[in-house]
Amino acid sequence: MRKLAVLCAFLLVLPRLVLSGDPALNDDVLGLIVFKADLHDPSSKLVSWNEDDYSPCNWMGVKCNPRTNRVTELALDGFSLSGRIGRGLLQLGSLHRLSLSKNNFTGSVNPGLARLESLRVIDLSENGLSGAIPDELFQQCGSLRVISLAKNSFSGEIPPSLGSCTTLAALNLSSNKLSGSLSGGLWSLNGLRSLDLSDNQLEGEIPKGIERLYNLRTLNLQKNKLSGSLPEDIGGCLLLKSVDLSENSLSGNLPDSMQKLTMCSSVNLRTNSLDGKLPSWIGEMTSLQFLDLSSNRFSGEVPDSIGKLMALKELNFSRNELSGNLPDSMVGCKALMSMDFSLNSFAGILSSWIFELGLEGISVSGNSLTGSIEIPAESEDRFYPNFQFLDFSGNSFSGEIPSNIGLLSNLQFLNLSGNSLTGQIPKSIGELKAMDVLDLRNNRLNGSIPMEIEKSAALKELRLDKNSLSGVIPSRIGKCSSLTSLTLSHNNFTGSIPTSIANISNLEVLDLSLNNFTGTIPKNLSNLSHLVAFNISHNHLQGELPAGPFFNTIPPSSLSGNPSLCGSAVNRSCPAVLPKPIVLNPNSSSDSSSSGSFNSNLHHKKIILSISALIAIGAAVVIALGVVLVTLLNLRVRSATSRSAVALTLSGAGDDDNCSRSPATDSNSGKLVMFSGDPEFSTGTHALLNKDCELGRGGFGAVYQTVLGDGRPVAIKKLTVSSLVKSQEDFEREVKRLGKLRHQNLVALEGYYWTPSLQLLIYEFVSGGSLYKHLHENVAASNILLWQDRFNIILGIAKSLDHLHKMNVIHYNLKSSNVLIDGSGEPKVGDFGLAKLLPMLDRYVLSSKIQSALGYMAPEFACRTVKITEKCDVYGFGVLLLEIVTGRRPVEYMEDDVVVLCDMVRGALEEGRVEECVDPRLSGDFPAEEAVPVMKLGLICTSQVPSNRPDMAEVVNILELIRCPAESPDSLG
51 MRKLAVLCAF LLVLPRLVLS GDPALNDDVL GLIVFKADLH DPSSKLVSWN
101 EDDYSPCNWM GVKCNPRTNR VTELALDGFS LSGRIGRGLL QLGSLHRLSL
151 SKNNFTGSVN PGLARLESLR VIDLSENGLS GAIPDELFQQ CGSLRVISLA
201 KNSFSGEIPP SLGSCTTLAA LNLSSNKLSG SLSGGLWSLN GLRSLDLSDN
251 QLEGEIPKGI ERLYNLRTLN LQKNKLSGSL PEDIGGCLLL KSVDLSENSL
301 SGNLPDSMQK LTMCSSVNLR TNSLDGKLPS WIGEMTSLQF LDLSSNRFSG
351 EVPDSIGKLM ALKELNFSRN ELSGNLPDSM VGCKALMSMD FSLNSFAGIL
401 SSWIFELGLE GISVSGNSLT GSIEIPAESE DRFYPNFQFL DFSGNSFSGE
451 IPSNIGLLSN LQFLNLSGNS LTGQIPKSIG ELKAMDVLDL RNNRLNGSIP
501 MEIEKSAALK ELRLDKNSLS GVIPSRIGKC SSLTSLTLSH NNFTGSIPTS
551 IANISNLEVL DLSLNNFTGT IPKNLSNLSH LVAFNISHNH LQGELPAGPF
601 FNTIPPSSLS GNPSLCGSAV NRSCPAVLPK PIVLNPNSSS DSSSSGSFNS
651 NLHHKKIILS ISALIAIGAA VVIALGVVLV TLLNLRVRSA TSRSAVALTL
701 SGAGDDDNCS RSPATDSNSG KLVMFSGDPE FSTGTHALLN KDCELGRGGF
751 GAVYQTVLGD GRPVAIKKLT VSSLVKSQED FEREVKRLGK LRHQNLVALE
801 GYYWTPSLQL LIYEFVSGGS LYKHLHENVA ASNILLWQDR FNIILGIAKS
851 LDHLHKMNVI HYNLKSSNVL IDGSGEPKVG DFGLAKLLPM LDRYVLSSKI
901 QSALGYMAPE FACRTVKITE KCDVYGFGVL LLEIVTGRRP VEYMEDDVVV
951 LCDMVRGALE EGRVEECVDP RLSGDFPAEE AVPVMKLGLI CTSQVPSNRP
1001 DMAEVVNILE LIRCPAESPD SLG
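Residues in the sequence shown are numbered from 51 upward in steps of one, following this note's numbering.
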């Protein structure tokens, strides 16, 4: 097929080449057109390459010599091209630079490129090229100076012929799968300035003779399997500026010849097996800016000569066997910005020069340093603005945390864990307003958490485990709104868990175990939608856990040691809430014929009453309660009518007489909240929610078309799950949260109305009817949804679900009857998030409420052990997508069979006839290149395994890629 495409390209351009009198131009046009014929150009980057042109000099990515008009440069970097690098390029006899990086080319390199005698630069990096690098490519190097084949999948050995390319200045074969040993022939490339063979599978020793690369500036052999010692003659490469031999298996000492590398600014030898003492001549490498000897076996003390490295910026000696104290001579390293001495055997006290150097970061963790931590402060105006990272963990520091810790004003990471620090957490900790992580675990700290912690608005992780802290958690901790991890375990905290923790909306980890907390667990912790770990074990907490899917699946070990907790998670039923018993007082002096008195004293004398006496007392109680109840109702009505905007005028819309406005003679008082605007509502009635105004019914209630008192049309959902609806506080909080969700493809929630017996949700009115009616009831040819309308509806639904999921809202009840179409054909998804109004998201209660969504429900609803997540919406979306494309219901009942839509489409796909599933009413008027991928996407979304389904952000991206270029907005004009 590819050969046929090339032949067609050649035949198309041949007549024009014959008419052109310049054979050189003919070669360039022919070569490029034939090269293009081998490619797939999804972004139409090469649309300007026209075989009708007699010159390619104005084509995208092509540069020519202005005198000869011959092609000298072909640069197609990042064009998203795919295919093979064909023979057409061999026609470009004057080509100097070929750069095809950051594409998707496959296959191998055409060895014929070496025959282009003018070629100086070959850059084929970041593609999908594979196979062995052909030896023939370098047998005729011509004038090649730069070769980059980095970040491909080349395998095999480095071609021996490379040693003959004496003109090479830069060779980059990094990030491939090259194996074998380094060829000594490479050292004959004495013109080489840069050699990068990193991130391969090269093994064996580094051969001798590297000193012959006297022009070498950069040497990178990191991430291979090289062994043996460092080359003794490496010091002969006097011009070296950067050496990276990290992540190999090199051993032995540092060769003395390295001290000759006085121009070298970067040495990286980390993660090898180098050993011995650090040589004192290291101070002679005065140009060093970066020195990394971490993760080796160096021992002994750090030489004082290190203080001569005036240009040194980054120093890493971590994970070695170094000992002694940190050399005071390092105060001379004036340019030093960060140093890492962690995981060694350093001892002694911490020198003050560490704070005086103006560092950005320092780590001395995992050593044996002792003494106290002292931050010098000559005056109150002295600050340390550069410090951002400080890790002193895992030592033997004692004393208190410096009270002037606030001087490190820009500190972002502070880790003092694993020491013997005592005293209280200083109040100045609140001055570290840029702090991300504060880790004080495993010390001997006492006292309480300072109230000033509220000033740490940027704090993400607060770790105070394993101390002797006491007192209560300050309620102001709720102002640390960026917290993702709060761990306070193994302390002596008391009091209750503050409800303000629920304000930390990004919290992922909350560990309060092994303390003395009492009281109940705040119910509003159910609002912490990002929680992944929660541990309150071994406290004195009682009552039920908060509602919600996370707390329904919490492991028992995270709750153990709280004998008064109850609920399914701890396998202990909660006691029923019963009214206190009424006890009759036998010593009452009042007239028993007219009243009864009540007494809470449990030590009364027993008395036997006659049946007539009991009847009289009961009647008196009933009369008294009735009087009280009537009084309270009158007071409530008077209070309600004295407020403005407390009742809702509900009347009909349109021409329906049954939904017309009525006088307000039968009002029920309640609480009305509108999220936008402040219309003046007159007293109204709820009796107008009648069958004549009904638009439809669902699992959560009926919907009516009405207008407000100001004439605005709305849709009112009257909830029929009142017995399951949360308390007023929880209901209002959840509804207000849903009211903040605004998207062009969501039905806007405008407000709500609450009484204990009636809950109404007020939505914007969408005039076009439901998607279900458009697909299954409006069967007239003039009303059939066209393909482009269907695609736009699918994309709009996907965008709305993506928005919901980004706001941590799961729809739970997606189906075609819950998608409305507005006057412009735009979809609007409704009924989202209503399941959250239930006190517990029990999947069986939930499934019974949305049983009308048969066929849309994800299989995990039937399994208690699988967590309900956003992926259940993805499943429902996949079914809805197939419904829109096919025009068929999710489940259809035949005389002798039941047809499940997903199974039908999947079977048709396997049999190669998936196009037959498209709604026949479209009469073939649809692009198969869009319809087929869309149906495949629907099948992926309906995978039985939730983790195999994409998230909705990915679905949106895929749909936008599927849309044909001819239909995209970018192609219009």
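Watch out, some of these pointers could steer you wrong.
[Unchecked claim] Simulated pairs of lysine to any residue, SDA-like, Cα-Cα distance not exceeding 25 Å:
1. 856 - 836
2. 86 - 96
3. 275 - 217
4. 363 - 438
5. 275 - 357
6. 113 - 225
7. 384 - 323
8. 510 - 476
9. 358 - 381
10. 363 - 416
11. 516 - 453
12. 291 - 393
13. 384 - 455
14. 275 - 312
15. 310 - 357
16. 510 - 535
Derived from the structure by calculation, the hints contain no laboratory data. Just so it is clear, the structure is predicted and the values come from calculations on it, not from any experiment.
Verification of the supplied hints:
no.: 1; hint: 856 - 836; result: 31 Å, violated
no.: 2; hint: 86 - 96; result: 8 Å, holds
no.: 3; hint: 275 - 217; result: 29 Å, violated
no.: 4; hint: 363 - 438; result: 15 Å, holds
no.: 5; hint: 275 - 357; result: 34 Å, violated
no.: 6; hint: 113 - 225; result: 30 Å, violated
no.: 7; hint: 384 - 323; result: 30 Å, violated
no.: 8; hint: 510 - 476; result: 19 Å, holds
no.: 9; hint: 358 - 381; result: 10 Å, holds
no.: 10; hint: 363 - 416; result: 23 Å, holds
no.: 11; hint: 516 - 453; result: 21 Å, holds
no.: 12; hint: 291 - 393; result: 29 Å, violated
no.: 13; hint: 384 - 455; result: 23 Å, holds
no.: 14; hint: 275 - 312; result: 28 Å, violated
no.: 15; hint: 310 - 357; result: 18 Å, holds
no.: 16; hint: 510 - 535; result: 6 Å, holds
Checked against the numbered hints given earlier, this structure breaks hints 1, 3, 5, 6, 7, 12, 14; the rest are met.
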